[in-house]
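Peer 1: For reference, the chains in residue letters:
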Amino acid sequence: MPQMRATERQRGSGQQLRRLQVAWPGNAVMAIFVDQDTRVIVQGLTGGQGKFHGLRNREYGTQVVAGVTPGKGGQEVTAAGGESIPVFDSVAEAVAATGATASFVAVPPKAAPAAILEAAAAGIGFVVCITEGIPAQDEARVFNTLLRQHPSTRLLGPNCPGIISPGKCNIGITPSSIAQEPTAAGPNVGIVSRSGTLTYQALYELQQNGIGVSTCVGIGGDPVPGTSFVDCLAEFERDPETHAVIMFGEIGGSAEEEAAEFITANVSKPMSAYIAGVTAPAGKKMGHAGAIVSGGKGTAQGKMDALAAAGVKVGLNPTEAGELMAALVADL
Amino acid sequence: MLDLFEYQGKQYFARFGIPVSPGGVACTVDEAAAAAEQAGYPVVVKAQVQVGGRGKAGGIKLANDAGEVRTHAGNILGMDIKGHRVERVWVEHASDIDEEYYASFTLDRAAKQHLLMLSAQGGVDIEDVARTDPAAIVKLHIDPVDGFPEATARRAAVDAKLPARAQDGVAAILVQLYDCFTKGDCDLAEINPLILKPDGQVHALDAKVSLDGNAAFRHPEWEEFGETEVLDERERLAKEKDLQYIGLDGSVGIIANGAGLAMSTLDVVNQVGGAAANFLDIGGGANADVMAAALDVINHDENVRSIFVNIFGGITRGEEVAKGIVEGLSRVELRAPIVIRLDGTNAEEGRQIILDAGIPADKLITKPTMLEAAREAVRLANGSEGGG
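Chains as they are written, first to last, in my numbering: chain A, 1 to 332; chain B, 1 to 388.
Rather than coming from a laboratory, the hints here were simulated on the basis of the structure. Heads up, a few of these hints could be off.
Unchecked claim - Computed beta-carbon distance windows for the label pairs: (1) B:302 x A:81: 47 to 55 Å; (2) A:92 x B:201: 34 to 42 Å; (3) B:302 x A:265: 50 to 58 Å; (4) B:125 x A:36: 54 to 62 Å; (5) B:151 x A:79: 32 to 40 Å; (6) B:149 x A:92: 29 to 37 Å; (7) A:93 x B:51: 39 to 47 Å; (8) B:368 x A:92: 33 to 41 Å; (9) B:147 x A:36: 39 to 47 Å; (10) A:331 x B:241: 45 to 53 Å; (11) A:76 x B:14: 48 to 56 Å; (12) A:80 x B:357: 40 to 48 Å.
Note that the structure is a prediction, hence the values are computed from the model and not measured. The C-beta atom is built at its ideal place from N, Cα and C for all residues, glycine as well.
Using the sequences provided together with the hints, build the complete structure.
Peer 2: Given below as structure tokens:
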């Protein structure tokens, strides 16, 4: 489970882990939340999106071990190469049969809250929910239910692109072709981003600069994301194979300001950032429930200033943020 | 997100048992007079606009008889308040007011919990109170798992230093308002002022309600609210086609997938010296039909001189986007050339489809990066403006 590895990392020093990789040069470097050992079920594997992206994840090398669709237990979904993936009626059955540790939730908004809680109740440690359009009231209830009843389950999303640890594991809809694999020698960069397509843009900018990515996390643009910038920054700071972090935020809310506070106190690794929405008119909702400037709060400028004050190099567009990161890692 | 007018907010409140003044909505002077008869004199005639400061602008008037109602309704209907034209008035029985309070529920995104704000200082801008006398606002976080029991409501009323004779009534309304906020799927449920009458009754004299559009699937009763939404021509067309569209004033039409990338596209166009004509997010999983519809909406904007299509495929697949563009071009004569930047899932297939369609270069240009595409789109927009 990802949580166990995090604990091991805290106990062992970065030096020891580095030696381990030298001892097994063929072995991949570290990552946060998910890696080559992560065993994934897809809730909604028999549906359109779940099947398309679940199978793509599997083709990438992700251990997609089962699907869950209530009422379709016993069926199979055929993956590339003719192998079949078993489908179960419930997450509990899928976990018992396959030892799954993570779940990819790809079901419609009405069903997603129950699907997330079912995964948590079945002992899944990491849940990725890509579903767009879940009511904010449901999100707030799910978040607080997880916090109180299933504190060992981490939710990523909803309304997020997912997570990719290049070369090891891809859960969600991130196009893997733009994810540059990390190198044992480094330097490798961690990515955390709020908006889906901007997450891809961040991957693309690093690829253009030939920079390897340890893990890329899309936290999603909804009002109550399960995983925050701060959660990811804490993990990246601990991860010995992440040497720098690039962060893409956007207008609305205060998540970027909270990240800036956290960076000031806790992040030693170099960072660059980009904030979308400089030209967005106030009071207008720009697609995301999250992306709205209200009462003069949550402006792009305010967020950029907060991050700059925390020592982050802030670019005015995604390309500039990528170039700033290239300059930062060149000095490492 | 859907902002309700005051009269709609009050009707929504009434569904959850929150006491409001008897009244009716009117689009004409005759309807206003009829509503006044129903409500009982004296009445207040209130302009229905989604902007603050309508009282100062002359949009709220007291009327003691039918003649006064006709005069005031006649003046207010059609009035322009800060750029908002008054299409309707709400006519309600005038209330005697002893005291005015403030109450609201919203989501505190930083705390990831619900937030109650309650103050004995109502009837004024709550942000002014927050600035001048922050201690006058009781802020209480509520875990959605626990809900908001009446005992908690009562404690909040005491903490806000409301007079003893108002506490029961306010506590009861707070519980109802929380019900409206949660079961009614509001982003915001606000009463300002919440009034105490001489007879000890408490009720909502105003209503500010924002609904969470994501919850529309479980609220068929919301359909009527959508009909009165204030939209310009382009926004109306986009809404019909279920597109996330916001009209702006520039000359570069924007189509992107994902709110973040769409916002970023606006920013980049701005940085290279252009101005966006719109924000348009075709969303995740957009297919050929959605793309064609998006082009159609942009094509209705006569300020558009170039169209920047910025797609990074995830759920959205490149070949679907490409099919949509080819389809769109075959369906409508576009007023402006398209500059496209296509990356991500099945982008290669998409680019091939566009290439195979043999679209001439004065109608469609492909650029490899967001910045290059933005520069080209802005060059075309500014250039063709100069050439007429």
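Peer 1: Check each numbered hint against the structure and report the violated ones by number, ascending.
Peer 2: When the structure is compared with the hints, numbers 2, 5, 7, 8, 12 turn out to be violated.
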